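Model the full assembly from the supplied sequences, consistent with the hints where possible.
In case you want the letters, here they are:
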Amino acid sequence: MAPNDSSNSDSDVPAKETFDEFRSSFSYGSRTDLLFKFLKSGSEQQADDFLKEFLDLAGNLIDDGDTAPIVDVIVRAQSAVYSVPGNFQYEDKPFTVLDQPVSESKIALLTTTGHFAEGDDPKPFGMDDLTQEQVVKMTSEFGKADPVLSEIPITTTPEQTRVRHGGYDIRATAADRNVSLPIDRMNEFADEDVIGGFANPTFSFVGLTSQLRLRKEIGPAWAAKAKAAGAQAAVLIPI
Amino acid sequence: MSTVFKDRTAAMNPARILLTPHPMGRPLSAPFDVEKQRAVLKAGLELLETATEGGTVVEYGEPYRTGSFDS
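Those protein sequences? They're chains B and E, same order as listed.
Take the first sequence: its position 39, counting from 1, is numbered 39 in the numbering used here, and each next residue is one higher.
Take the second sequence: its position 51, counting from 1, is numbered 51 in the numbering used here, and each next residue is one higher.
Honestly, the hints are just simulated from the structure, not real lab data.
Keep in mind the model is a prediction, meaning the values are calculated, not measured.
Even for Gly, the Cβ is constructed at its ideal location relative to N, Cα and C.
Be careful, since some hints might not be right.
To be verified - Some chain E residues well away from chain B (every beta-carbon gap over 10 Å; in silico):
1) Met12
2) Pro23
3) Tyr60
Said to hold, decoys possible - Output of the computed footprint for chain E on chain B, the stretches with three or more beta carbons under 8 Å from beta carbons of chain E:
4) 70-76
5) 82-93
6) 97-111
7) 162-171
8) 189-200
Here's what the structure looks like:
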């Protein structure tokens, strides 16, 4: 909270920050932290309850080293805010039976994680080398724009893999792409005949994008690309 | 994907969904938890063979693991 120095004149006194302003600051504000941006989306009481429990568990962590309760309280708090029906609800249930076993099927991988290969920056809005910090400040622009599909050869090494996305905490997948772009695991499965083959390339885009254009126009074209790569089924990983 | 978005995702009725009890941004595992990555991915691939109708939602039972995994 901002200190309130009573020796200052009224015009110099910083306004006291309300709890609502404090919790909101984690979502694209002065304290942006995409792991905790959910604090803004629920009620003040939910944020209050979360912080109380989170700090209590952090105190326990010092002595018992058990991180599981911390993970659990974060998942519960995120679920309370996000696990509600959103703007997109459909009655139909599309379904296709796989014609052959997975072990004989070529599988494509598509993620909404914002990964791309080194030297193949998708250049959103024509801008090269945007940083994670920059795209975090551009979420409203991304939400209105057409998505750009990155094609990542399945031989791309972890060191050649980049990730950039203004909608979620990328720290884990920046450390290890397989957290959300499991290229290495899929290559292993292909080598072990768990799957019949791994469609090359793999695909990724920033899911924070124009959803209607994606569904009606762009998605079908991307599915055609996966089919052209020989895919008989696909693993989709939304972030 | 993470169970955090369970109701929102289920309402879209995709063909098959595997939900993991993980924080947002970590759908398969913590970094370098290769064993968990393989297990989650295999569970998702199994749905290609076992699901019988659209809108099939399966929740992965094992919790998120933290710790120092070999990189």
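Against the structure, the hints:
no.: 1; hint: Met12; in the structure: violated (5 Å)
no.: 2; hint: Pro23; in the structure: violated (5 Å)
no.: 3; hint: Tyr60; in the structure: holds (12 Å)
no.: 4; hint: 70-76; in the structure: holds (count 4)
no.: 5; hint: 82-93; in the structure: holds (count 11)
no.: 6; hint: 97-111; in the structure: holds (count 5)
no.: 7; hint: 162-171; in the structure: holds (count 4)
no.: 8; hint: 189-200; in the structure: holds (count 3)
Figure legend: structure checked against the earlier numbered hints; hints not met, in rising order: 1, 2.
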